[in-house]
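Student: Residues per chain are reported as follows:
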Amino acid sequence: MEGKTREREELVPIFIMGKRYEVPSSLTIQKAMEYAGYQLLRGCGCRGGICGACGTVYRFPGSYKIEVGLACQTVVQPNMYLTQIPFFPATKSVYDMEKIKPNIETIVKHYPEVLRCLQCNTCTKSCPMDIEVMDYVAAAMRGDITRLAELSFDCVMCGLCTSRCPAEICQYNVAILGRRLYGKYIVPKAEHLAQMVNEIQKGKYEQMLRKVMDTDEEALKKLYNEREIEPEQAGEDWTPKDKTYL
Amino acid sequence: MPYTRELKELIKKVEATRLMRVEKKRRGEEFPLLSLKEREERLRKYHPDFIEGARKEIRVGVSKGYAISPEIVNLLEARSRVNPDLVDLTRIAYETDVLIIGGGGAGTAAALTAQENGARVLIATKLRHGDANTMMAEGGIQAASKGGKDSPYYHYLDVLGGGHFKNPPELVYTLVTEAPKVLAWLENFGCMFTKSPEGRLMTLHGGGTCRKRMHYAADITGAEIMRTLRDEARNRAEHIKVLEFSPAVELILNEHGCCAGAVLYNLETEEYFIVKAKAVVMATGGSGRLHIQGFMTTNHYGATGDGLVLGYRVGVKLCFLHAVQYHPTGVVFPEQAEGLLITEKFRGAGANVLNIDGEQFVNEREPRDVESSCFIRECTKIGKGIPTPTGRVGIWLDSPMIDILMGEGAVKREFPGKHILFKRYGIDISKEPMLVYPTLHYQNGGLEYNSKCETSVPGFFSSGEVSGGVHGENRLMGNSLLDVCVFGRIAGISASEYVKGKFKDGKLTLDHVRRYHKELEQAGIVTDRVAPMLLPDYSNPPVRERQLTAHYLGSIR
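One line per chain: the protein sequences are A and B, in this order.
For reference, each letter of the first sequence is one residue, going 38 to 283 in this note's numbering.
For reference, each letter of the second sequence is one residue, going 18 to 574 in this note's numbering.
If you are wondering where the hints come from, they were derived from the structure by calculation, not from laboratory data.
It is possible that part of the hints are untrue.
Here are the simulated DSBU-like pairs of lysine-lysine, each with C-alpha atoms no more than 30 Å apart in a straight line [what the hints assert, rightly or not]:
(1) K258(A) x K334(B)
(2) K221(A) x K212(B)
(3) K429(B) x K226(A)
(4) K524(B) x K258(B)
(5) K401(B) x K29(B)
(6) K258(A) x K198(B)
(7) K212(B) x K138(A)
(8) K212(B) x K54(B)
(9) K221(A) x K334(B)
(10) K398(B) x K29(B)
(11) K259(A) x K241(A)
(12) K41(B) x K429(B)
(13) K54(B) x K259(A)
(14) K524(B) x K258(A)
(15) K136(A) x K258(B)
(16) K248(A) x K258(B)
(17) K239(A) x K42(B)
(18) K241(A) x K469(B)
(19) K469(B) x K239(A)
(20) K278(A) x K183(B)
Here are some of the chain B residues that sit facing chain A, going by a computed Cβ distance under 10 Å [unchecked claim]:
(21) Y173
(22) H232
(23) F262
The model shown is predicted, which means the values in this text are computed figures rather than measured ones.
Here a beta-carbon is modelled for each residue, glycine too, at the ideal position from N, C-alpha and C.
Using the sequences and the hints, build the whole thing.
Tutor: Written out as structure tokens, the structure reads:
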């Protein structure tokens, strides 16, 4: 568990913002910083690689290359020197989802700076999630909302791409605009869902629910035990034998 | 860290039975489900809630005598972080209609509906907006959306069965009838649920479901919902203000006994601020970072049960906190990923769980508490767990079966988040199984509330994981994302309605805190503990010894 003492482990040197600390070699950067004595406030969120709070950049001595990672997911390596970038100023355009359209005009109106992309690919190289950031920016420039949404789906919005973009684009906010346009306007609506909402509003299930709510525990257990289980390998067309409560 | 040579040897036993198990799966032959009686027996013998010392009675407050986890009792039997006599309640830093404490799924959903209903909203959140367990929920969101095979009636039965038939019916009714509406609401915001080309929502089973009604957005359903709701709130920034790194440390009442604001703590400047509000929504989430019984956790850094403490001090009862949820499949190897959630969706997609001999010992779709108990039984009494190099023990989750069942590339496509995570450690989960063990996952109980999110204190509403009841003694997969959306939306509406109607202005007070302190003294509880905890303590003891001039208040330096 976090915070436990680690006595017999091999220690390696890392440089947190240039300052040397010796930390157990098996730790992630996040746990290594805690081991070194930091109490994390910024730069720590889900500790599970999905919230984007702990974007980190690092280098090794003698190498020109800038490496990136999420501090909670990246294991320390000897002599790495690192800093977290827990926050980076970003543009966020305000839009009314009911009024905008899934096309290039929307993208250009809200984020005109995408057109400044130099295709240097630094964004892609800065992505700790291995997303083809430059390719989705290119899709945004073409107004290809579908491609923009699909390519950016795994984005954790850590902002490392934005911190390094020479064209000053805020890629991850362009991406969420694209995904929302895609989800709302391009993918067909779920008709079965709209139908169900309609049935509920009409009160179709009201009586059966009220009745089961008044049922005592023993009778409930019986109903529960006897409910028909959809087989795991069943296809979309499966229907239960008992249709009384549908 | 890739699997060690020893573990690679053991994986061969899994591979040896894999094709035979895939064939069984294809024929629809499942490991038999336990009867309700057998479930009960497994729980009593192996679930962590039932071990000696798992529960302790609370000695103060409205739920005095209620026995729950000692880790939570310790927080309840603690003093305020701030001496009420030092707080000047006339110096109001922010005034708003609705104050929402917590910026996760429930808080953000509440903000949206309150704003739509005409309220000015302030969200106060401990870390960043969206830093919450909602972000980490992977598997999906339940709703009976397919009328040809499912209905809210079956969803209702499943929720009750999962919760040991103890759930208050009205809460469950609200959950299951609002569920399809919530999905449509999210769809309209542009949430990218996984769909067929015709727009049909894809659905899977979860533990304890009788119909496949788990809707998902690949394996990052919670993140997709959270980032969409957050983006929507940011589009309404004019009326929804957000204060980040500003946790609430105390609720404020007024002379009429109504909730009227909160004391916030700016974690960065270390100042305390007063927020005056006409209504308050508590949406602080759960408490996995208390590491109950020393268990590792899947929870967010900020999940320290703050809302329980604040709500309890103003007199809201606690319920269902005696049951703690351990998710069956948390990572035990590699150690760097320890505690991390492996979504139930892996089992829903066909992966078996196996012991050291590569044998099945439990159906993959038992409710979470039962599944976890069976894992613990296999590793303890039966002794067929898989030992890890760090001295822990685990169970195999045979993810490569999914590629065989659904076609090559299925694991990578359906579980992109986990695939890349393990790849970083040199493990390809489409070729090698994962090692898992139960991990502290969910706070089943919490503040007592009703289906309108009202609590016993006027002007004080509760929603999401901080509240207790809807899941009874055990939540099913896919019902927490649903819970935060359903009850978040309701809390926002109820709070904004209260602002328009019953709200009554009055002088602000922290007398309830003084009374609580007095009650602690009267119960003979002399302690330097403070609560809420705000952040877990992961400090390094040797470092701490050298911090000669540092001062810690609770876990915070």
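Student: State for each hint whether it applies.
Tutor: Each hint tested on the structure:
no.	hint	in the structure
1	K258(A) x K334(B)	28 Å, holds
2	K221(A) x K212(B)	13 Å, holds
3	K429(B) x K226(A)	26 Å, holds
4	K524(B) x K258(B)	24 Å, holds
5	K401(B) x K29(B)	16 Å, holds
6	K258(A) x K198(B)	28 Å, holds
7	K212(B) x K138(A)	21 Å, holds
8	K212(B) x K54(B)	38 Å, violated
9	K221(A) x K334(B)	41 Å, violated
10	K398(B) x K29(B)	24 Å, holds
11	K259(A) x K241(A)	24 Å, holds
12	K41(B) x K429(B)	23 Å, holds
13	K54(B) x K259(A)	12 Å, holds
14	K524(B) x K258(A)	51 Å, violated
15	K136(A) x K258(B)	23 Å, holds
16	K248(A) x K258(B)	43 Å, violated
17	K239(A) x K42(B)	40 Å, violated
18	K241(A) x K469(B)	22 Å, holds
19	K469(B) x K239(A)	21 Å, holds
20	K278(A) x K183(B)	29 Å, holds
21	Y173	6 Å, holds
22	H232	9 Å, holds
23	F262	7 Å, holds
Comparing the model with each numbered hint stated earlier shows that hints 8, 9, 14, 16, 17 do not hold.
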